[in-house]
Structure formats: structure tokens, C-alpha cells
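Chemist: Position chains B and C with the ligands relative to chain A; hints supplied.
Protein chains in written order, with numbering that gives the first Met the number 0: chain A, 0 to 221; chain B, 0 to 361; chain C, 0 to 435.
In short, the hints are calculated from the structure, not lab data.
All C-beta atoms in this analysis are idealised placements derived from N, C-alpha and C, irrespective of residue type, glycine included.
Hints should not be assumed to be uniformly reliable.
Subject to a maximum C-alpha distance of 20 Å in a straight line, what follows is the list of computed SDA-like cross-link-like pairs (lysine to any residue) [to be verified]: (1) A:K196 to A:V56; (2) C:K98 to B:R346; (3) C:K96 to A:S195.
Which chain C residues stay away from chain B? Per the calculated CB distances, all over 12 Å, these [to be verified]: (4) K97; (5) D257; (6) K265; (7) L350; (8) E377.
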Amino acid sequence: MTLLEFSRGTMLHIALIVFVFGVLWRLVTTFMLGWRKRKSEWRTSAGQSAVKGAIAVGNRSWPHPEFLNRTAFGEAVGYGYHIGLFAIVLLGAPHVVFWKNLFGINASWWPTIPSGIISVVSVVTIFLLLIATIRRYMPPPLRRISNFDDWFTLVILFTLMITGVMAVFGIGGRYELILAAHIIAFNVLLIWFPFSKLMHAFYILPARFFIGYTHAKKGAST
Amino acid sequence: MSTSNRKERPTIGQIMDENGVGRRRFLKYCAGITALMAMPPGMTAAFAQQLRAARRPTVIYMPFQECTGCLESLTRSFAPSLESLIFETISLDYNHTLQAAAGHAAEEARHEAMKEAWGEYILICDGSIPTKLDGIYGASAGHSFVDQLHEAAEGAAAIVAVGVCASYGGVGAAYPNPTGAVGVSDIIKNKPIINVPGCPPIPEVMTGTLVSFLASGVPELDKHLRPKAFFGNTIHDRCYRRRFYDTGLFAESFDDEGARNGWCLYKLGCRGPTTYNACATIKWNGGTSWPVESGHGCLGCSEPDFWDQGGFYEPVTSKLFNDTGQIAGAAAAGVAVGAAAALAANRRKKKLSGQVDKETSS
Amino acid sequence: MNTATQTYSGKAAPEDRLSPSEREERAMAEFAHHFGAYTATNLESCIHCGMCADACHYYIATEDPKYTPILKAEPFKQAYRRESGAFAPFFKLFGLKKKVTTEQLEEWQELLFDSCSQCGRCSLICPMGIEVAEMIEIGRRGMAAAGLAPKPLMDRAKHQAETGQPEESDRPYSEVLQDIARDHDLNVALDKDKADILLCLPRTDLEQNPESVAAMIKIFNKLGVSYTFRSDALIAENYGYYAGSRGLQKRITKRITDAAKKLGAKLVIVPECGHAYTALRWQAAEILGEELPFRVRHVTEFLAEQLEAGKLKLSKVNGESFAFHDPCQLVRKGGIMDAPRQLMDAMGVNLLEMHNKKGFSFCCGGGGGVNDLDSARELRSRAQQLKLREIDDTGAKRFLTSCSDCRVSFNEAGEHYDWNKKTESLIELVATQIKE
Ligand code: SF4
Ligand code: SF4
Ligand code: SF4
Ligand code: SF4
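Only chain A is shown next, with the shape it has when bound in the complex (with noise of 0.2 Å):
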């Protein structure tokens, strides 16, 4: 068995499971430690407060500009190479075609880009990883509260993201191999997902919603 085949057969399919089966453990376990009803007179009804929780979810991407003059800057960069990976993962032409044949769907209609941007968004998003773990380092309180779960993920988003920038422009090795770390990079990935702060990707919704609704039954802001 070659390394690309072990990494697109087996691991993959062990790292599917891990990750499954870590997201779901995780996910049922926060939801079943017990909800509290509450009690006070509330100055929204329940369904209002529910359609706020919704809003919340998608208002707080948007962040508040009372705040952008110390946040502005971690902001772009979060956000950038937030859009950065979305775009690659989503919109480039090999990972469609991954995706399509993972899950088994034809999907005609997903579009991709052209790889030419797709490697540009790359270096532009290796960039702005690479900022947002000097940013890691730099401000006091970013380094005080960072722990081994930021920086092993930014190591599995940095091994993922530049064997496949080498992947692509054919550097550094052959290319199965580089195929096959890369594959092998996002296995881990897969792995480490349910235990890591990767979950925020679940978890955002939930907390923007209870953040959302509970305010928004107080009347107090979000």
C-alpha cells in the first residue's frame, strides 16, 4: 500500500470515524447536562427572543464598531484567513471534486475557482496564518490565555495549507507524497477536530443563539 493510498483509504476512513463519533460524544454531552427554566418576568416573549437568538447567530460576524478601534486589526486577519480556508476548502477545484466523491454527490452546480487565484488566496491566507500566530505571541493577553490546543491546531491548519501550496506548484518532493501529507495533514486534522478548539465551528452556533435569546428576553444588548 503506497502512502496515498493508505492516506485517502484506511486513515481517512479511521479519521471519519474518529471525527463522527468525537463531534457527536462531545456535542450530545453539552446539550444533555440539564437546562435550567427560567423564571423571571421577561421582557420578551420567548418566540421574539428565539428569532433574535437566529439573528445573533449571523449578526455577531459582524463585529461592533464601538469596539473595531482596538479590534479592527485582529478582526481582518481573523476573518481573512477565515475566508481564506473557506474559499480553498469549498471553491477549489480539487477539494470540490474531493468533497463530491466523499460524500457521493454529483452536485453540478457547486462552483469552483480558477486554481491561479486559489494559489494566490493560498499564500495570501499561509500570510495571514502566519500573522495571526505572531498575534498569538505578541499581545499580552492573546499569549497569557493561549494553550497547546491553539498552537497544535495552527501547526495541523500550517502542515495542511503548505504541503498543499507545495502540492500544487509541484515543489519540494514527489507529488503523491505531498498529495499523501497533505491528505495525511487534514486525517489529523479530522482527528483532532472533536477534541480541539475546532469545535468552535458546532459550538458558534449555540452560544451566538443563547447569547441572542437570553439577552433578547432581558432586553440588554448583543
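Modeler: Same frame as chain A, now just chains B and C with the ligands:
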């Protein structure tokens, strides 16, 4: 290679002279070969000289579990070039398929040839070697292929495995590999082995490899024992459709506009990116065309295990596992374990918070 | 050096004789009480982006990373990860999350009390939507349970739970109230047996701002509503909330809710005190575990309603410009966005808004009990400087707010920085502008 009590074989140069091949023509041929092998032009003269000085070798060609495609490919390519002469020159002292003799006579001829050039002959193999049940799946003249290979390899100076079957097992080794087919290098460990994989290999690559072996011994090989000179680049690296890949223009089906416009075949399963072979440069049928040029993606036929890399029309990153409900099982297990963890946590919560006043719950 | 009481070097050593392990157990018990799906979602979500620091006035004023809000919630988070989260058994087994120790809690005392006014600004900035302030509040509750809440807060909370007032005073506060009424020629309804509305007062106003108290009496008299103050439920502040003690907070809350029930009151009015509002409006029902048979309104909310109903008539002030500080507990966390502005509007106040207004207003620097901690004085005044600058930047001549605790903070800051403004009460202004 002691040759003391054997009759001297003519050198290639002598044979060329006998056949009236002028030096210039020979040199031109050598220039062609060295160019194919991407050797610097200055090397041609030295190469030619070495080749001329080489003695006409004894070649034993042994077919195992094969389809004769490789030999077809090899023999198809010669006329009217000098290569045919070279090919004749290197002379197949034994080839089951080509020779007139058959049965016991043929076996005898082979043993004769082997004995005569023991320790010096070149063994060319095509076809995989079935190993299951003591190799019972493949035999001739009462001996299994495994045994025959061992015997023939014993006296060989070097082995050239021609085709992906002899190299890595090939189609015969495809899942579930009922015969336990393997390549030569899986069995023979103590001889220099050169793999010339492909299904079939490009004829020029086969002759080029042989000639360069004659001229200068075992060429530089990659980790799959392929001559780097021919297998140093991926199809994708040299593909003329590459610019479409780079700009993101892909054929989505074999009859769409993209296919007609000659766009990249990646999405249709082209294995060019992970396949090392010379098709994109040497091409086929004397440089007429090659698979991608004729509109079909590369199948990866020069790669180990190419036969088990998912559907040929699925992309090179496609998943290679067969999920028979394991992922769904993992989901169910995740929910179950998650629920159990929550119940345990809630019990722990009750225990831990036991001492704080009970009426207030939050 | 083997008990926490001995090792404890904090500014306010606890008097109890609990052993470290007892403290840890109690903190854990309190934390466990707060485990649940809602807190879990909050605790699981943090991406360590550090942005919450940029919302907190204590961090902004000092740029000291230890004031990063989510860091303040660490003990609770740690307890959760170890005991309640999905992978808790592994965290425990492999020691990935250590037990919350007494030393750690002691270290966190400053972070949880001195440097968090419970203003809730951090909850607004978090891109994940984490209720950071609430997680910190739970941290405080654990501290209180462990007997590690700052002594000044704990002592007052106990005193208030026992006697109804946070500290000994020369005279009972009900007498002070009567004196103020007398001094201002006002009749005050005190200790009536039946009334529609129960009023209470900040003790700070009783002690320091008699004008404010008089304003309340004057306004409610003028409105002609059926109200009363009660000697047994006069003080609005809830030191149990400041100290983080659920038990004491509950006892203190019960004084007011019981009195209101006995009165048959339909409405309890919270005076100009933000934390009293949070404690009564949003936490009373939760902590008592029952729905309250009356409504709770802040005085500005109530007056804005009266204004709308045409029952309150206000005359215009002269054209002087005002700045207004939105008290965190009332506005950002309490949801009273418009009431104060409606009142100011009605009085023709020329309001010059601050850069950070309404829900985004910076804290006065002294809420959440911070005002009561001497140890927090320096940090507090650095944070206050931020706020004063913002107020000055509006160019307003006068400065209003509607929380007595904020007023205490601004007065202190004003003195410290020789500020050219006096902090005025919105209610006092209403009282002076109320039409005869
Ligand atoms: S057709 Fe195949 S080899 Fe050619 S560029 Fe596309 S993927 Fe590469
Ligand atoms: S294009 Fe690919 S599959 Fe076709 S012959 Fe060449 S290597 Fe083999
Ligand atoms: S609630 Fe206010 S004071 Fe406390 S951490 Fe958050 S921003 Fe800072
Ligand atoms: S802003 Fe929110 S996500 Fe970011 S560090 Fe603070 S609590 Fe965590």
C-alpha cells in the same frame, strides 16, 4: 563475469558493421536514445562508444501470468527503425511466444542458453508471478512460475521486469488477488532488477532501458526501481493540458464542451498527477499521440497498485475505503457515549453540589 | 503554613477556619451547581481570540493581560472541564485539568472581585457569543462558597442578611429616611400594611445623597400612587450578590420579596441602583426558584411609563448640555435603553452622547462591589480615568447618571482627578422639573 571457456560473442559495433549500419546512423540512433533519457547532448558520443563496445548479450525472455500486451508493444514499435536491428541484435535466445520451437524443445533451448551464459545473461520477465498454493496457478513444463523464476534468476546478471505485472503484480494482483500475484522484485532479492512498468510500457522506454543497460549497466532507478530517465516526471508535469488545470478549466464529462475543447481531465479521474511515466513526452505509436491527447485520462498504469486506486473515473483524491456502515455506527456510538457521559456528569453534579442548598436550582 | 487561613495573604483574609480541602470542596460544590447545558456551551466555545480583553475597562486601562475577562473565569472553566465536560473522565484521569486548588482560588480573588465589576461588556465583544461576565459571576459564587470572597463584601452581606442593612449605622435607616422627609417638608409613606407599590432605597443615597431620597419621595407623592417604604425591606443593594454568595443573596432578596408579598404589592420599584436591579429584576425569581407575584421596575422605567401615560408632567431645563452615563446593570445587562432618554427628552435636556453609549457604555469602574474594596482603589481609578475622558470628550457641561453606585464611583474619581464636573442624579433632576 568470467567468460573463459565460452565462445566470444560479437560486439554490437561488429554487428552493426556487418549489417552495413554506418557510424553516422548509429550515432544518430544513440543521440535519439540519449535525448529520450534526457542525457546531456555531450554524452552521446561516449554512450555510442560504450554501446558499440558492448558484447551481444544473451537474453532470456520469460513470460509469466501475462497478456502478451507488453511483447506486442515491444515488437510493434520496431519497423522500420534501427531499433529493430538493435532488438534483433540483443537477440532473444529464448522467448516462449516468439520462437518457433515449442514444448520440450523450447525448454531445452532455454536451458541450453542459460547454461551457456550462466551468470551473464539478461533475464526479461513479463507477467506477474502467482504465489498462492505454492504457485499452482501458473506453471509450464511441469514447473511453477515461482520455481522457474528462481531458477532463471539464479544465473542472470540482471533482471528487467517489463510491464506493470512483472514489476508490481499488475492487474492480476488486483483485489482480491486470487492467485497471490506479485512482481519479480517481490520474489527475487539478490539480483539487480530494473522495472519498466506500464500496461504496456512504451516501446521506446523498453528498448531505451535495454540499450542503456548494455552501454552502461543498471541506470539510476527511483524507489520503485524504475529508470529515472524515463520515469522521473509525472504525466501531469508534462501534460499539454496542464494550462487548463492551472486555470481551472475541467471537462466534466467525456462529451461536454470542456472535453471537446481539450480541457483538463482531472475531474474525470485522470491519474496524471500521481503517475510517473514518459507518455506525455515520448507519446505512443512512434510519437503519434497518447492517451490524454486522445481524450482519456491517464489510468496510472506505471504505478504500483494502480489497479486498486478506486474507479478509473474517480479523481486522484477520491476516497479509497469501503464504508459498510462504520461511519454511521460511529455516529450512533458517539450519541450513545455522549448521552452516557452526560448522565454520568449529571450524577456527578448532584454528588458534588450535594452540600449547597437544595431549593435553589439554576 | 498548612491551612488556607494561614497561607492566605489576600487583602481580606477570611475569618472562618476552613481547611483548604474544605474550601476546594465547597467551591466545587458551587461550581457543580452551575453546571448545565447553557454554561457548558459557553465554556466549550472559547477560541482564545483575546478580544474580550479589548472590551474590559480594567484591561484597557492597564494593558495587563491578567485582566483578560475569560481568564477570570478560568477556575470555573477548569472545574467544568474536569468534572462535567464530555471528556471529563479523561481530563481527570490524565491530569489534563488539575483540581481547582485553594491557592488558585486565592490567586483569582483579585481577578474575580477587584478587577471585575460585572459590567458585561466582555459578553458583547466575544465573537463566539460567550456570556463571559456570567461565567465570571459563577467564579465569584465559587469563591464565596469557599469562604474566599473579600472580607468587606462578605461581612456586609452577612450583616445585611441578618439585620437588613449592610453595616451598623448610628440610627436605623428608617429613621434617616424620616429625617430626610422632614428636612424637605415631605410626607413619607413608611411601613404601611397595604400598598400597590413597594419602594426601596440605596443606602448610599440615605447616607450620602439625601437629595436623591427626597426626590424619590417627592416624585411618588406627586404621582399620587399607593406606595410605601418598609423598614424591614428598605435597602435596595444586595451585598450577597456583590460577595457572590447565593445563600446570602437569597436571604437578602427574600426580605424585599416577602415584604412585597405581605403588602400585596403589584410593583416593586428599584431606585437608582444598578446592581439592585439585576438582583431583583433578573435574579430574584431564579434564586428563589419561583415566579414573583409582582413586577419589578427601575424607577426610570416606571417614570417613563408614567410620562407616556400622561401622569407625569415635566418642565424643560435651560439649554445646558448634559452627558449621561448608562449604568451597565440597568442598560447593557438590564435592557433599560430608552427610559432615561425619554425622561431627559421630556425635560428638554440637551444630551451629548458619549462615544460608547447605551449598551456599549464603559463601566463607571466601581460597580459589582468594587467600590467597597480598598484593595481595588488604584485599579479602579485607572479605569475611571478612561470614563472621565469620554465624558469630557462630549463637551457637556453637566453630567447625569441613574445609579447611586456609579455616583459613588464618579465622586471618588472626581476627587482623585480633580474633575470639573459633579455627578448628578437623573431622579433629582426629574424631581426638580416635575410640574406642580
Ligand atoms: S489531463 Fe491529467 S495529466 Fe493532463 S493536466 Fe489534467 S490532470 Fe494533469
Ligand atoms: S497515460 Fe497513464 S495510463 Fe496511459 S499509458 Fe501512460 S501511464 Fe499508462
Ligand atoms: S464584566 Fe466588565 S469588568 Fe468584568 S471582565 Fe467583563 S468587561 Fe471586565
Ligand atoms: S472574546 Fe470570547 S472567544 Fe475570544 S477569548 Fe474572550 S471569551 Fe474567548
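Chemist: It remains to establish, for every hint, whether it holds in the given structure.
Modeler: Status of each hint after checking the structure:
1. Taking the CA atoms of K196 (chain A) and V56 (chain A), the gap is near 18 Å; set against the 20 Å cutoff, the hint holds.
2. A threshold of 20 Å between alpha carbons decides the hint, and for K98 (chain C) with R346 (chain B) the separation of about 18 Å falls inside it, so the pair holds.
3. As the CA atoms of K96 (chain C) and S195 (chain A) are separated by approximately 14 Å, the hinted pair is consistent with the 20 Å bound.
4. Listed as a non-interface residue, K97 (chain C) keeps its Cβ farther than 12 Å from every Cβ of chain B; the least gap is roughly 16 Å.
5. For D257 (chain C), the non-interface assignment is confirmed: its Cβ lies about 15 Å from the closest Cβ of chain B, beyond the 12 Å cut-off.
6. Listed as outside the interface, K265 (chain C) is consistent with that label: its C-beta sits roughly 25 Å from the nearest C-beta of chain B, beyond the 12 Å cut-off.
7. Non-interface status of L350 (chain C) relative to chain B is upheld: no Cβ of that chain comes within 12 Å, the nearest being about 38 Å off.
8. No beta-carbon of chain B is positioned within 12 Å of the beta-carbon of E377 (chain C); the least distance is around 34 Å.
Of the hints listed earlier, there is not a single one the structure fails to meet.
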